[in-house]
Amino acid sequence: MAGISTHVLDTDRGRPAAGVKIELSVREGDTWRMVKTMITNADGRTDGPVVAAADARVGEYQLEFHTDAYFKGLPDAGGEEPFVDNAVVRFSIFDVKQHYHVPLLCTPGSCTTYRGS
Amino acid sequence: MDRHALTRRSLVGAGLGGAVMAGTAPGALAQTSPAPGAPPKPGTLTTAPSSQMGLSPRLTMHAIDNFHGTPGAGMVCDLSIREGDTYRLIKTVTTAPTGRTAEPLLVDDAFKAGRYELLMHFEAYFRALDVKLPSPNFLGLVPVRFVIRDVGQRHHLPILFSPWGYSYYRGS
Numbered sequence: 005m006a007g008i009s010t011h012v013l014d015t016d017r018g019r020p021a022a023g024v025k026i027e028l029s030v031r032e033g034d035t036w037r038m039v040k041t042m043i044t045n046a047d048g049r050t051d052g053p054v055v056a057a058a059d060a061r062v063g064e065y066q067l068e069f070h071t072d073a074y075f076k077g078l079p080d081a082g083g084e085e086p087f088v089d090n091a092v093v094r095f096s097i098f099d100v101k102q103h104y105h106v107p108l109l110c111t112p113g114s115c116t117t118y119r120g121s
Numbered sequence: 406m407d408r409h410a411l412t413r414r415s416l417v418g419a420g421l422g423g424a425v426m427a428g429t430a431p432g433a434l435a436q437t438s439p440a441p442g443a444p445p446k447p448g449t450l451t452t453a454p455s456s457q458m459g460l461s462p463r464l465t466m467h468a469i470d471n472f473h474g475t476p477g478a479g480m481v482c483d484l485s486i487r488e489g490d491t492y493r494l495i496k497t498v499t500t501a502p503t504g505r506t507a508e509p510l511l512v513d514d515a516f517k518a519g520r521y522e523l524l525m526h527f528e529a530y531f532r533a534l535d536v537k538l539p540s541p542n543f544l545g546l547v548p549v550r551f552v553i554r555d556v557g558q559r560h561h562l563p564i565l566f567s568p569w570g571y572s573y574y575r576g577s
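Protein sequence lines correspond, in order, to chains A and B. Whatever position you read off the first sequence (first residue = 1), add 4 for this note's numbering. Whatever position you read off the second sequence (first residue = 1), add 405 for this note's numbering.
What the hints contain is simulated information worked out from the structure, not anything from laboratory work. Treat the hints loosely; a few may be bogus.
What the hints assert, rightly or not - Beta-carbon label-pair distances, calculated as ranges: (1) B/455 with A/83: 41 to 51 Å; (2) B/577 with A/47: 31 to 41 Å; (3) A/18 with B/569: 18 to 28 Å; (4) B/487 with A/113: 14 to 24 Å; (5) A/23 with B/488: 46 to 56 Å; (6) B/569 with A/38: 34 to 44 Å; (7) B/513 with A/57: 50 to 60 Å; (8) A/101 with B/557: 26 to 36 Å; (9) A/58 with B/462: 48 to 58 Å.
Cβ atoms here follow ideal geometry from the backbone N, Cα and C, with glycine treated the same way.
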């Protein structure tokens, strides 16, 4: 399997972050072109691949996670404003034969990302 | 890699870290003798944690290299504030041997509420340390985005990073 996938985990509550809007953009010269918008499912993943193997190209990609709206919209939201602005993760596909799993672990005050598997 | 890392650390200790980040070839680094008074051993941490308790409201940062287990010294960072749909560059800083900046990122009149981005030059940092990376690297220029709402509070921003991932959070 190649391409890009993601997984959003709410490590404040210890569960998948469902209903998080994610925007995928690709770098074109000096600008970022928005390709598509996805919403995480109950498992914190997207229903389809973020980028399918056949569509993967060497280059820079950006995932913007709308964590701000997610945390504010939770039924048990405490009214505190998150410190982390919408987390934006930029990374490169350097070999289209490989898979790029890019999870986001988030709380209102922190975020973590890494090349997962 | 260790030899280059040691040499670089020595250069940073002598206040020459900026020259390394300016793109000095690894070969040139290897020929440079460690400066007198430079940190004694490779991998030895010579900086102790510091507390900022009681200091006036300000924004500070701390870059921590989880790949080498050292402070992230010589990391170039561009600090910008959001204005409408774009980010306006405020200043570019380079981290000191402690992984912190010599001066607060923002303090006094410059410390304003807003949405900020700290764009960190990960790829240049690891290439200067002669770390073997793919091209283009997985992480190149990394945007760290955060919000300052209450300028009556001190804000500390630690960033823990490696070539394959990073974390940041509101520290203290």
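Hints and how they fare:
| no. | hint | result |
| --- | --- | --- |
| 1 | B/455 with A/83: 41 to 51 Å | violated (33 Å) |
| 2 | B/577 with A/47: 31 to 41 Å | holds (34 Å) |
| 3 | A/18 with B/569: 18 to 28 Å | holds (24 Å) |
| 4 | B/487 with A/113: 14 to 24 Å | holds (19 Å) |
| 5 | A/23 with B/488: 46 to 56 Å | violated (30 Å) |
| 6 | B/569 with A/38: 34 to 44 Å | violated (26 Å) |
| 7 | B/513 with A/57: 50 to 60 Å | holds (52 Å) |
| 8 | A/101 with B/557: 26 to 36 Å | violated (52 Å) |
| 9 | A/58 with B/462: 48 to 58 Å | holds (51 Å) |
Taken one by one, the earlier hints fail for this structure at numbers 1, 5, 6, 8, listed in ascending order.
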